[in-house]
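From first to last, the protein sequence lines stand for chains A and B.
In terms of the numbering used here, the first sequence has 250 at position 250, counting the first letter as 1, and numbering is strictly consecutive.
Each number in the numbering used here comes from the position in the second sequence (counting from 1) with 319 added on.
No lab work stands behind these hints, which were simulated from the structure alone.
Check before you lean on any hint, since a few could be wrong.
Unchecked claim - A few chain B residues facing chain A, derived, Cβ under 8 Å:
| # | residue |
| --- | --- |
| 1 | L410 |
| 2 | L423 |
| 3 | A425 |
| 4 | C471 |
| 5 | E485 |
| 6 | P487 |
| 7 | T488 |
Because the structure is a prediction, the values reported are computed rather than measured.
Where is the CB? At the ideal position from N, CA and C, for every residue including glycine.
If you want the building blocks of each chain, they are given just below.
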Amino acid sequence: MKKIKYTARIKRYDPDTNKSYFQDFEVEVEDSLTVLELLMYIKDKIDSTLTFRAFCRSAICGSCAMIINGRAGLACKIQAKDKIKNGVITIEPLNHLPVVRDLVVDQEPAFNKLKKVKPYLVPDPKVVPDNTKVESLVLPEEFKRYDKQTDCILCMACYGQCNALEGDEKYLGPFQLVKAFRFIMDTRDGVDVEERIKLVEDHGIWDCVQCQMCLAACPKGIAPCDDILELRRIAKDTGEENIATRRAKFWFATVYETGQIDKFHLPEVAFGDERGKEITKKLEEEFKSRGMSEDEFAPKPFEGIEKFRNFIKKLEKEL
Amino acid sequence: MKIGIYPGCCFQGADIHNYDITVNFLENMGVEWVLLDKAACCGGGVIDETNKKIVYGLNARNIALAEEKGVDLYTPCNTCYMVIARTKLALDSDPKLKDKINELLAEEGLEYKGEAKIYHTLNLIRDFIGLENYKSKIKRKLSAKVAPYYGCHVLAPNETAIDDPENPTLLREILEPLGVEIIEGYKNEMTCCGYHARFTDPEQKERLAVKPLEGAKEAGADLVATPCPLCHKAMDGYEEPILQVTQLINLACGNSEKEAHLDFNKTKVNLKLS
Ligand code: SF4
Ligand code: SF4
Ligand code: FES
Chain A
1 MKKIKYTARI KRYDPDTNKS YFQDFEVEVE DSLTVLELLM YIKDKIDSTL
51 TFRAFCRSAI CGSCAMIING RAGLACKIQA KDKIKNGVIT IEPLNHLPVV
101 RDLVVDQEPA FNKLKKVKPY LVPDPKVVPD NTKVESLVLP EEFKRYDKQT
151 DCILCMACYG QCNALEGDEK YLGPFQLVKA FRFIMDTRDG VDVEERIKLV
201 EDHGIWDCVQ CQMCLAACPK GIAPCDDILE LRRIAKDTGE ENIATRRAKF
251 WFATVYETGQ IDKFHLPEVA FGDERGKEIT KKLEEEFKSR GMSEDEFAPK
301 PFEGIEKFRN FIKKLEKEL
Chain B
320 MKIGIYPGCC FQGADIHNYD ITVNFLENMG VEWVLLDKAA CCGGGVIDET
370 NKKIVYGLNA RNIALAEEKG VDLYTPCNTC YMVIARTKLA LDSDPKLKDK
420 INELLAEEGL EYKGEAKIYH TLNLIRDFIG LENYKSKIKR KLSAKVAPYY
470 GCHVLAPNET AIDDPENPTL LREILEPLGV EIIEGYKNEM TCCGYHARFT
520 DPEQKERLAV KPLEGAKEAG ADLVATPCPL CHKAMDGYEE PILQVTQLIN
570 LACGNSEKEA HLDFNKTKVN LKLS
């Protein structure tokens, strides 16, 4: 095994003095260390006050998520040597959660948000037998719809990287919404879909900016961003009427008609009020001032659009 | 060297000048191009809210249109790039999905082969044009302090990221030859512009868009430069000005401010050209 030298730049926080600062540790260690093993080495050999949380060391307990070089991930899953950039590896606590000490964050606020989505199965008496002698069957193809989502280890890496939380600290959070999706898809669950959707709307699915950072952060390959789009689809299909569902319907309708989204009429349709009309009117004035003719305002169908529409119809039906 | 321009929604309506900017950029670089004129919307992360399968179909078709013409696909938009590149990954790893979509595409005489590469301005300059060749096209220097802003969808998810997501350098490598001073490490330089919340939660968009701009201003930048037309649209109109990288490149290649469409910016930009 080869030894390598580098700097571990670690964000420290001391609650007694309420001071937060970066501290550099120069290490010469085997190149096979995980980030967690690196932290344990520093605690053991250099500074016993360094504080972090870990348990399983095998990416299953979800304790050790932190920010490594600006990206959230599990310290026990990531090889330290892959993360050395210009001789330095930077390690910080997760964002969006109060820091207790050094790399340890208080997970309570995120768990409290999780509780809001009823993160448990409420057995549907029509599906789940009322005695323990009969099994409650879930077919493989039914389970497939939320199989991946059941892998979530509640590590909060996605939460620590989420952009929606940058704009709204009350945002429910990516893994919380994954959980909501998982129970909506569960055939044994007895809660009405509408009720479950209600639980994820306030500071929830409409707040997400689809940045994809949760997908990039998740050590289990879960894509909260995609599940959020599914939750929005379900909200729309169960009759929710708001700016977002109006936009989604209009978007698809105009792409079907012309191949492109009609951005000119979109504000008017999506807002559905004076504010939207105002925006579309302003656009019209702007277009005119640029000397654009009226038929340039919105997209026109391309040649052979019939075949394209047919294609879309078949995708909907046959795929 | 020929490339297929994919026309997304950033080329229409109030953003129609982005098409000119893109064409001028390619001509300044000496890249031949053809417009994929029958291409359709990538879905923009919105058509998923109707049916995710349609998004796969739409983008298989978009890529097939490039392959029909024997070219790779180029979009300047971060989101189109990410959505199309993610579809390509899905199709290339799922032969059943690919075959089924190809059956349907056959009616338009199209086939998704998986041969065309997906380019965005950043990897186009690095991998298609080549950084040395790119530098050789620059005719004059711009003097300004510029804060690079990547936008999310060229750095996430990791599988489609154009540069090292933790330590990206490509935007700096592209901006430096223009003569500008680079301001990096500013506050919120990786925070999302919020564009995609415009019609789901408009207040959320407002809260986010201003954050990187304020960080850049605080760090002393004269302007922010992003490759993405959507980030540009989301972040233009606040105190700190923002431009697209291709606008700056076009200026450095000799285009006038008018040709580079600086006049359409809501927040005006002052640049010194030499
Ligand atoms: S895609 Fe949505 S949930 Fe995921 S990190 Fe971005 S804002 Fe958060
Ligand atoms: S979704 Fe992934 S990143 Fe988020 S808490 Fe679950 S396992 Fe961790
Ligand atoms: S220590 Fe258990 S997940 Fe890392």
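Q. Per the CB criterion, is C471 (chain B) less than 8 Å away from chain A?
A. This hint holds: C471 (chain B) lies near chain A, its Cβ roughly 4 Å from the closest one there, short of 8 Å.
Take the shortest C-beta to C-beta distance between A425 (chain B) and chain A; is it under 8 Å?
violated, 10 Å
Minimum beta-carbon distance criterion (8 Å), L423 (chain B) to chain A: Nearest chain A Cβ about 5 Å off; hint holds.
- prompt: Taking the closest Cβ pair, is E485 (chain B) under 8 Å from chain A?
  reply: holds, 4 Å
Practice prompt. Double-check P487 (chain B) for me: the hint is only fine if its C-beta lies closer than 8 Å to a C-beta in chain A.
Written response: At about 10 Å, which exceeds the 8 Å cut-off, the nearest Cβ of chain A leaves the hint on P487 (chain B) violated.
Hint status (Cβ of L410 (chain B) to nearest Cβ of chain A, threshold 8 Å): violated, 12 Å
Report holds or violated for the interface hint on T488 (chain B), using the least CB-CB distance to chain A and a cut-off of 8 Å. violated, 10 Å
In terms of the numbered hints stated before, the structure departs from hints 1, 3, 6 and 7, listed from lowest to highest.
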